[in-house]
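Enquirer: Here's the letter readout for the chains.
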Amino acid sequence: NAGVTQTPKFQVLKTGQSMTLQCAQDMNHNSMYWYRQDPGMGLRLIYYSASEGTTDKGEVPNGYNVSRLNKREFSLRLESAAPSQTSVYFCASSLEGAHSGNTIYFGEGSWLTVV
Amino acid sequence: TQLLEQSPQFLSIQEGENLTVYCNSSSVFSSLQWYRQEPGEGPVLLVTVVTGGEVKKLKRLTFQFGDARKDSSLHITAAQPGDTGLYLCAGTNAGGTSYGKLTFGQGTILTVHP
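Sequence lines, in order, name chains Y and Z.
Its first residue numbered 1, the first sequence is counted upward by one per residue in my numbering.
Its first residue numbered 1001, the second sequence is counted upward by one per residue in my numbering.
Note that these hints are calculated values from the structure, not bench results.
C-beta atoms are modelled at their ideal positions from N, C-alpha and C, and glycine is treated no differently.
Among these hints, one or two may not hold up.
A few chain Z positions that, by computed beta-carbon distances, are all more than 10 Å from chain Y [claimed, not checked]: (1) Ser1012; (2) Gln1014; (3) Asn1024; (4) Leu1061; (5) Gly1066.
Quick list of simulated restraints, FRET-style, between CB atoms [claimed, not checked]: (6) Arg1060/Z <-> Gly63/Y: 34 to 44 Å; (7) Thr15/Y <-> Asn1018/Z: 23 to 33 Å; (8) Ala1078/Z <-> Glu79/Y: 46 to 56 Å; (9) Ile1013/Z <-> Gly16/Y: 16 to 26 Å; (10) Thr1051/Z <-> Leu95/Y: 15 to 25 Å; (11) Asn1018/Z <-> Val12/Y: 39 to 49 Å; (12) Glu1041/Z <-> Leu95/Y: 31 to 41 Å; (13) Asp1067/Z <-> Val115/Y: 47 to 57 Å; (14) Gln1080/Z <-> Val12/Y: 35 to 45 Å.
Here are some chain Y residues the structure puts well away from chain Z; computed CB gaps all over 12 Å [to be verified]: (15) Gly16; (16) Asn28; (17) Gly42; (18) Ser67; (19) Glu73; (20) Leu78; (21) Ser80.
With the hints as constraints, model all of the structure from the sequences given.
Expert: Right, dumping it as structure tokens:
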């Protein structure tokens, strides 16, 4: 059971470089999310997609863009990486929105370092 | 912006001891979830509470949602080394601009020593 799969798991970028984090879920979920996790700050929502074809900003969207390519895939792009974007990134999905108490399933995380 | 304050931030105890982690907010949440995260992995849902005053038990873990749905607690009885990990609370709000989104607390790092 793959669940939520995200790639790459580790990446080192130079300041100003761009990259895309890929995420796919095989649970036929409607909602998908991108979070970042920093020490002492829990998880903060970057962007989310309530359903295929829609995306909305979360708490910390600056410096990021997303694409809901289809129902399965939700990618996160850093156009010009900055050291402040060094973090662990988690993709997640749920059948419907988190408001309904649906279980949210997380991927294993992507460790990104910007030097 | 809804905030969830989690305490304590760090907890180091001996095997067999009891502990309680608190999650507090000035905002009302329609539901609150508790997650456990191990190093190198994503958070895994432990429980969801949706009714004010609700108490749920999961083996040695007891979760409570405050009557006003602004706070929650996680109590572990007779902690074991396997309970070691990061515990996160997260709240959801059904209305307004927060629709469908989770707000996470900062997390509690629990270490249980044999």
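Enquirer: All hints, please: hold or fail.
Expert: So, going through the hints one by one against the coordinates:
1. Ser1012: Non-interface label stands for serine 1012/Z: nearest chain Y Cβ at 17 Å, farther than 10 Å.
2. Gln1014: 25 Å, holds
3. Asn1024: Since the minimum Cβ distance to chain Y is about 14 Å, asparagine 1024/Z lies beyond 10 Å and the statement holds.
4. Leu1061: 17 Å, holds
5. Gly1066: 17 Å, holds
6. Arg1060/Z <-> Gly63/Y: 34 to 44 Å: 42 Å, holds
7. Thr15/Y <-> Asn1018/Z: 23 to 33 Å: 48 Å, violated
8. Ala1078/Z <-> Glu79/Y: 46 to 56 Å: 50 Å, holds
9. Ile1013/Z <-> Gly16/Y: 16 to 26 Å: About 46 Å separates the Cβ atoms of isoleucine 1013/Z and glycine 16/Y, which means 16 to 26 Å is violated.
10. Thr1051/Z <-> Leu95/Y: 15 to 25 Å: 21 Å, holds
11. Asn1018/Z <-> Val12/Y: 39 to 49 Å: 43 Å, holds
12. Glu1041/Z <-> Leu95/Y: 31 to 41 Å: 21 Å, violated
13. Asp1067/Z <-> Val115/Y: 47 to 57 Å: 49 Å, holds
14. Gln1080/Z <-> Val12/Y: 35 to 45 Å: Given about 37 Å between the Cβ atoms, the range holds.
15. Gly16: 29 Å, holds
16. Asn28: Asparagine 28/Y clear of chain Z: closest Cβ-Cβ about 17 Å, beyond 12 Å.
17. Gly42: About 4 Å separates glycine 42/Y from the closest Cβ of chain Z, which leaves it inside 12 Å; violated.
18. Ser67: Serine 67/Y clear of chain Z: closest Cβ-Cβ about 19 Å, beyond 12 Å.
19. Glu73: 17 Å, holds
20. Leu78: 20 Å, holds
21. Ser80: Non-interface label stands for serine 80/Y: nearest chain Z Cβ at 26 Å, farther than 12 Å.
In summary, the structure is inconsistent with hints 7, 9, 12, 17 from the numbered list given earlier, while agreeing with the others.
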